[in-house]
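*Asks:* On the provided structure of chain A, position chain B as indicated by the hints.
For the record, the sequence lines run as chains A and B. Take 1 as the starting number for the first sequence in the numbering used here and just add one per residue. Take 1 as the starting number for the second sequence in the numbering used here and just add one per residue.
FYI, nobody ran anything at the bench for these hints, they're computed from the structure. These numbers come from a predicted model, not from an experiment. Incorrect hints may appear among the rest.
Here are the simulated lysine to any residue pairs, SDA-like style, with alpha carbons at most 25 Å apart [to be verified]:
id : chain 1 : residue 1 : chain 2 : residue 2
1  : B       : Lys2      : A       : His58
2  : B       : Lys43     : A       : Val134
3  : B       : Lys2      : A       : Gln36
4  : B       : Lys2      : B       : Ser64
Quick partial rundown of chain A residues pointing at chain B, CB under 8 Å, derived from the structure [to be verified]:
id : residue
5  : Ile8
6  : Pro40
7  : Leu45
8  : Ser49
9  : His50
10 : Leu67
11 : Ile68
12 : Gly81
13 : Phe85
14 : Ile94
15 : Tyr131
16 : Pro155
C-beta: ideal position from N, C-alpha, C; glycine also.
Number of protein chains: 2
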Amino acid sequence: MKITLTPIGRVVKGLPQDKNSSWNRWSEESVIEIDQQLAPALKGLEEYSHIFVIYWMHLAEYDSSRLITRPRGRGDLPEVGLLAFRGRNRPNPIGLSVCELIELKGNIITVRGLDAYVGTPVLDLKPYDYYDVVKRPKVPAWALKLWEEGVGRRPSWVGP
Amino acid sequence: MKITLTPIGRVVKGLPQDKNSSWNRWSEESVIEIDQQLAPALKGLEEYSHIFVIYWMHLAEYDSSRLITRPRGRGDLPEVGLLAFRGRNRPNPIGLSVCELIELKGNIITVRGLDAYVGTPVLDLKPYDYYDVVKRPKVPAWALKLWEEGVGRRPSWVGP
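Same shape as in the complex, but just chain A:
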C-alpha cells in the first residue's frame, strides 16, 4: 500500500542548513508559508497559543539495515530503535514540532519551536489542544540528559 501526499506549504524562514549556524529553535522565529488557496483553512487557528507543525524531513536518509542506532550519533547515549527517538532517518521521515504560534497573517504563519530547515515541505498543521498535555511524562535517562544539556535544568516534576 502506497500513500501519496501533496505539501500544503513550506518553511520559508527557519533552521539554516549551514551546520555552523548558532540558530536556536526555542528562541528564534520560523516562518511557514501555506499555499495561498488554502488560506481560508487557517481561519480560527490564531485562537490557539500552540500548534503542531507536521512536515516532511526531505533531507532524511533512511537505511532499513540500521534500525538501531545512538541518538544524534553520540557514543555516550545508548542504542535505541529509530522509532524510539525523534531523529529524521526513520521509515517515513515525518517531522513533528510543538510550536508557539506567534502570528497568523493571511497564509503566513510565524512560530517559535520549529525544528525544520528552510525549504522543508509542510504536510499539516494541527491546533494543540488540552488533550495533548501530558502533565508528567516519563522519558529515558538519556532523554533527560539531553534536556538538561539544552535547557540547563531538570523539569520541575522530575526532582533533584
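*Replies:* Just chain B now, with coordinates in the frame of chain A:
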C-alpha cells in the same frame, strides 16, 4: 511535488467503525501491530510513558471547495478552517494522537488514547518528550466547551 509513504503497521484493535459503538478512547485500549521487520526499531520505546501515534485517516473525504466548516458538523460551534481543528477531512488526512503507552511486546503496542479506527494504517511513532509539554495552552472557547462536555470539568489552569 508528491510525497510517497508506506505504512509501518496498522491498528488491529481500536475505535469500531460502527457509529453506535460506545467505545471510549480515553478508557479503552487500542492495539497497533508494527510490521515484523521493523520490530527492532521499537527498542527503547517502552522507556517512555507516552507516545505520538501518526496515522493515515483512510476514511477521510477532503473537499477543497469547503475549507471552512463547523467542527463535528455541530451548529452550536463556530465556523473554522479545516486546519484549525482536528477533524479528518483535511488536505493531507494525517492523524495524530497522544497516547499512553501501556505495553510494548515485540512488534505489538498497546496504548490508550488513540482516536483511530481498526484497520487504520500507521505512518510513524514518536516518543512524547519533555519539550512536547505545553503547561497552559490557550484554546478557543468552543474547544474548551468540547473538553468540558467530554471530561466533565475545566482544566485546572483555566479557572472557573
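*Asks:* Hint by hint, note whether the structure agrees.
*Replies:* Hints, one by one, checked against the model:
1. B:Lys2 - A:His58: 12 Å, holds
2. B:Lys43 - A:Val134: 22 Å, holds
3. B:Lys2 - A:Gln36: At roughly 18 Å apart (the allowed maximum being 25 Å), A:Gln36 and B:Lys2 satisfy the hint.
4. B:Lys2 - B:Ser64: Within the cut-off at roughly 17 Å; holds.
5. Ile8: Status holds, d = 5 Å.
6. Pro40: Holds: closest Cβ of chain B sits about 4 Å from A:Pro40, inside 8 Å.
7. Leu45: Cβ of A:Leu45 sits 4 Å from chain B, so the hint holds.
8. Ser49: 4 Å, holds
9. His50: At about 5 Å, which falls below the 8 Å cut-off, the nearest Cβ of chain B leaves the hint on A:His50 intact, so it holds.
10. Leu67: Nearest chain B Cβ about 4 Å off; hint holds.
11. Ile68: 5 Å, holds
12. Gly81: With a closest approach of 4 Å, the A:Gly81 hint holds.
13. Phe85: For A:Phe85, the interface hint holds, since the closest Cβ of chain B sits about 7 Å away, which is under 8 Å.
14. Ile94: 5 Å, holds
15. Tyr131: 7 Å, holds
16. Pro155: With Cβ-Cβ at 5 Å, under 8 Å, it holds.
Hint compliance for this structure: no hint is broken.
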